[in-house]
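Asks: If you want the building blocks of each chain, they are given just below.
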Amino acid sequence: MDSNKKKFSWPIILALALHLTILGLFALSALFKPDKRESEAAPEIIHAEIVDESKVKNPAEVTAEPVKATESPVEEKINPETEANQEAERAIEQAKAEKTKAAAEQAKAEAKQAEVAKAKAEAAEQAKAEAKQAEIAKAKAEAAEQAKAEAKQAEIAKAKAEAAKAKAAAEKAEAAAKAKAEAERAEAAKAKAASEQAEAAKAKAAAEKAEAAKAKVEAERAEAARVKAEAERAEAARMEAEQARMDAEQDQLAIKTAAAAIRQKVAQSWIRPVSATEGLKCTIQVRLMSDGTVIDAVVVTSSGDPIFDRSAENAVHKASPLPVPKDKELSAKEFKSFKFLFDPDRSR
Amino acid sequence: MSFFRKILLIGLVSFYVPSSYAEMTIEITEGIESALPISIVPFGMQGASGVPVDVSFVVDADLGRSGYFKTLDKQSMPAKPSTAEAVQFKDWQAIGQNYLVIGQVTEDHGQYNVQFQLFDVYKGEQIMGYRMTSSAGDLRRTAHHISDLIFEKLTGKKGVFSGRIAYITSSRQGKQSTSKLQVSDADGFNAQTIASSVEPLMSPAWSPDGRKIAYVSFEKKTAAIYIQTLATGERARVAEFPGINGAPSWSPDGAKLALTLSKDGSPDIYVLNLVTRSLTKLTKSFSIDTEPTWSPDGSHIVFTSDRGGKPQLYIMSSQGGEETRLTFSGNYNARASFSPDGKSIAMVHGNGSDYRIAVMDMATKSVNVITDGRSDESPSFAPNGSMILYASRKGNAGYLSAVSLDGKMQQKLVFDSNEIREPAWSP
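Quick mapping for you: the protein sequence lines, in order, are chains A and B.
My numbering puts the first residue of the first sequence at 1, with every later residue one more than the last.
My numbering puts the first residue of the second sequence at 349, with every later residue one more than the last.
Heads up, some of the hints might be wrong.
Below, computed lysine-lysine pairings styled on DSS-like, alpha-carbon distance capped at 27 Å [stated by the list, open to error]: (1) B:Lys438 <-> A:Lys336; (2) A:Lys339 <-> B:Lys438; (3) B:Lys471 <-> A:Lys326.
Some chain B residues well away from chain A (every beta-carbon gap over 10 Å; in silico) [said to hold, decoys possible]: (4) Leu384; (5) Pro400; (6) Ala434; (7) Gly485; (8) Lys569; (9) Ala579; (10) Ile592; (11) Pro600; (12) Ile636; (13) Asp709; (14) Ser714.
FYI, nobody ran anything at the bench for these hints, they're computed from the structure.
Glycine residues also receive a C-beta, built at the ideal position from the N, C-alpha and C atoms.
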């Protein structure tokens, strides 16, 4: 139960954290959205208004100033004119002849004066124009400056907006990456938790199995011990029986071995008659001395063919002494008297 | 607890097994196939000096040559007893001799008394004993007779040592070539000439009673068939038709002669009734049909025919009728000879350039080649069916040889002639 609780609490916490993070990201993105819209619309409007105002207001100010500047040169020129009047009156008194001259000169002077004035006026005009031009240039420069400044401002605003936008995007990307990383981490954590759980289960199973095996071994050992104890308890009786069995077995083995040796020796002594037709067989009764010497070999069941019968008798005699067991008692008991069956068809 | 009981049970069972009172029986299912060891002790010569024939030597040679016996040479004999009382069986047992033959030859007014005894060495008892009288000239025959008696007693088969064989020899002196029909003892001794001609003699055939021989002679430049009575030398010409008169063969009852005649064109098989002299034509093919031989019961005739392209053996009723091919292996099978029991046929079996003697089992039709010569010919069964006599040659020397049916035992008979053919073992 504890492990189960553990099992569920981790993923739930992680899931909750993930959801909350996602929700937080949504909230953040919602906050950033209106800003983005304003910053997007503003630059164009600001740009247009700033340019119009500067062009309309500033040139008026500029033209007003040059007007003042042209007035002051005109006042200064009034003083030289009065000086020239006093001199002309003295010249009338001094010489009336010179009056025409003077008049001419005056006219001349006047012309000159007019010319000067004209030049002056032209200069003034020119200066005025130049001033105006300078003013305009100045205004223009100022306007340009302002425009430039404004443009710069707009640029900055734009950059700022773009930076904000980029920042927002970056933040969004970061948030997404973070969310993704979070999700991956959650996933990894989940997988890890699962694998750990599986591992734990496996380990548990292995442990249980080991326990069971151990228990089994223990049980087997106990069983073996029990059987051993039982066997040991039976040992005395078993030994006795075994001894008897071994003796009997030894005798049996000796009999078997001797019988096989006798069979082989007789077979090697038996020259099968060439005339023997199929189906011939005969039985011969033998009596032996304890050393295997054949006392007699008598046909007790004839094959009907005297040559076959004789060949069999001959084989037994020729094989004498037969290889009976060395134990004379056993030999006398088992090989004192027995039969041979000569049956060549059995081998076919 | 059950463990304990099991142990006890095993103990009880093993106790009871050896205590059974039933008498043991040992089965012998294998033996050896070998020649029987036999000792033929040189016969005693009581009062007989200069006996013309060493009887025991002839018996020893006969039995040894048969392949059924392994005789002991004189030097290896522990003793040379000539009476039963003198025999110590233990001595002969010790050297593994199954049988012992002793005997005596005594002279009595130009006649010889021959007596012999056959003993079973291991049982220590006499199996057979005979006394017989013989003239000096018959001593060899007497010896062969003794061999036959011993052979039949110990093998169960009739001996063939007293039999005779007929054969053709040819000799050349300058431009003159002489052909002879001869008859000798089975060991090649006592050869006698029955007929002689400067023209070829061929195909001797014994009558079933062994008293007559039919043969082909070209003494009149053309072939004719004669029948000659051995005892009297009397002979009769029984067939002298235009063309081939050849390959006579007696019917088992001796009343008919099967032969080959080409009077109608191609050689065919005929049967001549010797009593009525009537002639019956059995085969009518355009090919060569020859070398007829009767089955022992007289019901069939086997012959050689090249109707299939190569000489092969065919069989038909001795009354004529359907002819059935017998041989299929090898490109040449000819000169059939029936075994006395009719169960097999000996033949000349040609394969490539080698001509050897083969035996066909009539029941299974399997053919077993039993000789290894290059030009073996004219097989003839011994009357007891145990051997086949045939002619062979090595280089320029021709000789007769006898082989057992399984090909394991082979004996070469030596004759004084270098040109010897067509042996026929007497019945």
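Asks: Hint by hint, note whether the structure agrees.
Replies: Structure-based check of all given hints:
1. Taking the CA atoms of Lys438 (chain B) and Lys336 (chain A), the gap is about 22 Å. The hint holds against a cut of 27 Å.
2. Between Lys339 (chain A) and Lys438 (chain B) the alpha-carbon distance is near 24 Å, which keeps this suggested pair within the 27 Å criterion.
3. Of the supplied pair hints, the one linking Lys471 (chain B) and Lys326 (chain A) holds, its CA atoms being roughly 26 Å apart against a limit of 27 Å.
4. Here Leu384 (chain B) does not stay apart from chain A, with its beta-carbon only about 6 Å from theirs, under the 10 Å limit.
5. No beta-carbon of chain A comes within 10 Å of the beta-carbon of Pro400 (chain B); the shortest separation is about 34 Å.
6. The Cβ of Ala434 (chain B) lies farther than 10 Å from every Cβ of chain A, with a closest approach of about 21 Å, so its non-interface assignment holds.
7. Every Cβ of chain A is farther than 10 Å from the Cβ of Gly485 (chain B); the closest lies at roughly 33 Å, confirming the non-interface assignment.
8. No Cβ of chain A approaches the Cβ of Lys569 (chain B) within 10 Å, the least distance being about 49 Å, so the stated non-interface status holds.
9. At the 10 Å boundary, the C-beta of Ala579 (chain B) stays outside the reach of chain A, the nearest C-beta of that chain being 33 Å off.
10. The beta carbon of Ile592 (chain B) sits about 42 Å from the closest Cβ of chain A, which is more than 10 Å, so the claim that it is off the interface holds.
11. Distance check on Pro600 (chain B): its Cβ is at least 23 Å (rounded) from any Cβ of chain A, clearing the 10 Å threshold; non-interface status holds.
12. Look at Ile636 (chain B): its CB is around 39 Å from the nearest CB on chain A, clear of 10 Å, so calling it non-interface holds up.
13. A cut-off of 10 Å between C-beta atoms confirms that Asp709 (chain B) is not in contact with chain A; the least separation is 16 Å.
14. For Ser714 (chain B), the shortest C-beta to C-beta distance to chain A comes to about 18 Å, beyond the 10 Å cut-off, and the non-interface label holds.
Consistency with the previously given hints fails for number 4 only.
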